Amino acid sequence: MAVTNVLLCGVGGQGVLLASEVLALVAVEEKAEVKQTEVHGVAQRGGSVVSHLRFGEGVYSPTVRTGEADILVAFERLEAVRYGHYVKPGGLILINDVEIMPGQIGEYKPYPTGIMEFLRSKGFTVQTIPATAEAKALGNLRVGSLILLGVLSVYLDLSLRAWESVIRRRIPERLLDVNLKAFQVGVELGRSQAQAAVSGV
Amino acid sequence: MTLTSPGQRMLMAGNNAIARGAYEAGVYFASGYPGTPSTEILEVISHYPEIRSQWAANEKVAFDEAMGVAMSGKRALCSMKYVGLNVAADSFMVFPFAGTVGGFVVISADDPGMYSSQNEQDNRYFARMAQVPMIEPSDPQEAKDYLKLAFELSELFSTPVLYRTSMRVSHSKGVVTLGERLEVKNDRSFVKDVPNWVVPIFAKSLRAKLDAKMARMSEFVESYPFNWIEEGQSKTAIITSGASYTYAKEIFPDATCLKLALTNPLPKQKIVDFCARHEQVYVIEELEPFLEEQIRAWGITNVIGKERLPRTGEYSPDVLAKAFLSEEPIKDFTNEFDLISRPPQLCPGCPHRGAYLALKKAGVLVTGDIGCYTLGALPPLGAMHTSFCMGASIGNAFGFELGGMDKVVAVIGDSTFIHGGIPPLIDVVYNGGNTTTVILDNRTTGMTGHQEHPATGMTLQGREAPRLDLVALIKAIGVEHVQVADPFKQKDMYQAVQDALQHEGPSVILTNRPCIFARGEKNRPKTPYVIQEDKCTQCGACQRVGCPAVLPGKQPRIDEVSCTGCSLCAQACKFDAIALKGVM
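Chains as they are written, first to last, in the working numbering: chain G, 1 to 201; chain B, 202 to 785.
Just to be clear, a hint being listed does not mean it is correct.
Chain G side only, calculated, beta carbon under 10 Å to chain B, not exhaustive [what the hints assert, rightly or not]:
#: 1; residue: R65
#: 2; residue: H85
#: 3; residue: P102
#: 4; residue: I105
DEER-style ranges, computed between Cβ atoms [as the list claims (entries may be wrong)]:
#: 5; chain 1: G; residue 1: S165; chain 2: B; residue 2: S273; range: 45 to 51 Å
#: 6; chain 1: G; residue 1: S165; chain 2: B; residue 2: I430; range: 39 to 45 Å
#: 7; chain 1: G; residue 1: Y108; chain 2: B; residue 2: Y631; range: 47 to 53 Å
#: 8; chain 1: G; residue 1: E117; chain 2: B; residue 2: M606; range: 52 to 58 Å
#: 9; chain 1: B; residue 1: I430; chain 2: G; residue 2: E30; range: 51 to 57 Å
#: 10; chain 1: B; residue 1: D735; chain 2: G; residue 2: S165; range: 53 to 59 Å
These are calculated hints, taken from the structure and not from any lab test. None of the values given here were measured: they were computed from a predicted structure. Beta carbons: idealized from backbone N, C-alpha and C, even for Gly.
Please model the complete structure; the sequences and the hints are all you need to start from.
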């Protein structure tokens, strides 16, 4: 395919925008055309955030059409369902295994269950990524987004060299080591999951 | 020193590219007022020391300053969201009568789809009404390059130019190749010439001159190289501009496309010939039928536009595919899955919450204004009852009072008060009103991302400036009953509201707590509150405070990470079940 379409979504404050900037910068290193845009209402902490990324040749619109995203990366479980209709039939959804309860006005609704099953029933390939748990293990909750990018990198035609050079450029020096480590954790997680998917384990 | 070197390929948002365009165009001066989606333009320009840039009190002031710089012979721009041009319209309509000396560009950012705005308005009509050329970029590379075109046109025809961007162009990132800064030769200067510059006295002759200028521009635009035709293989023919062009290219990659960069005045003959050459022409433009109506007015009938395309909302490839190919976009899963929404709310620790709780308790009618505090209208606070546009709250409250309503309070932010609230407050005093005004002074321009303003005592560049003393200003206006109240002390805040309401004559309350994101606040150590479940009766009073840090559910809990320790939930608890962490 000439153009790769990726969506990143989550909750304001989770690092979706930083992650999409890193991905866009990596794409700029290796691809002719790159466009990235955020689609949301009033941007704020705790709100729903989605970022569209398109790269390859012949990229005009910055927004992805519904049913045409190759990959959706959800930084939060419920957000995967909110933007699932953007994913192409049989496309890949990577979901960070974390729940953030929406702030509610009026009648209280519990956090919905059965998200993975619902998305699988739609024919999508769904992978759960324990990014928040792995980030905790690395001692810095904020590096979850780099773990997710590491997993994502396994599925994209962008070199590890480009990823590393952008991370080195974009992340402040004092946080660089833990972020590089997080990215590597993600790459390994992604590789083993992709392997398992291929061998049907 | 430049931030980046020429020739470099960079990922840039449209607004950053516009700022780079200002640098490359040799712009000398830039002014503006924050407003989504335009705010970043001036913020990024402020990093170029070659350009003198500043926040103005409002868009009209920004316009008038930039206009003065341009009359003095230098390149100047002003930048604002589309409603800002409503504020600056007085100058914008008159300046073209005189024309300019140095290049002068007005950047106006539309918001199709109203992502962060009070109305949907197509500012392309402003260019026609004012009789000025209009330039529309479609992506970040054009956003940079076309700003330079706008300055060239401005100087070529001695006219202000409207540079119209939109949310998607301003807020999308793309690859931009950088250029060098143009060293503008400073051979233009202002010459005293009363018949040209004193417009009201000489308006009749200047009007004739402006019409003649428009006629010359109409001729010029016929061969303008940036209104180009992309020849395609299919039978489909398209006329488009701006962000719509990028969507049209996705849906009709093989179409023949007349892509317009200069959309006022239109190249009439070029369009007439283009339409004659094709059986049918799609006119693809977001919002109003600005191009289509003009084309139809020339007697051209083989165009299709708004009978298929919507006049409201943002366009996308999906919108075009539905209109022209009958392809329905894929529906989201709302009907099959309980997608609990994440509604916008005032932040945890927002001082506005305390002001609203007191106003709600007082049972007053609250006229509102434009800012984060507009969220006070939503449940569970529901403490603001009208909101329209910048500065309307005070005049509206006085009007309600004149109309026979009592207990009316105007609520307005600090930046908005400086922008448009001072004249109506003068009017309340002058005309013997009783109006109470609450100025929610959080020491920043919150909604647009925390910009400085005259009462923060800092400039756009973060340098110290004389700090506007709001209390002294309000007293000087003639308001005798002025109180400063702490919105985090509910008893005091409520008492201040009662005192103000009982006072005969105009009264003002200023709240004194900064935004949690204001300078110095973000990193201030904060102790969170916790709920002692053994004392909690699950009455829900803390949840009705409407703070996102008080989590929903039968048994309320407090999110210790987002709680700032403002104490409003603890004050709402009748059972002393909420206490500072570690102080139980």
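Violated constraints from the hint list, given by number and in increasing order: Result: hint 9 breaks, nothing else.
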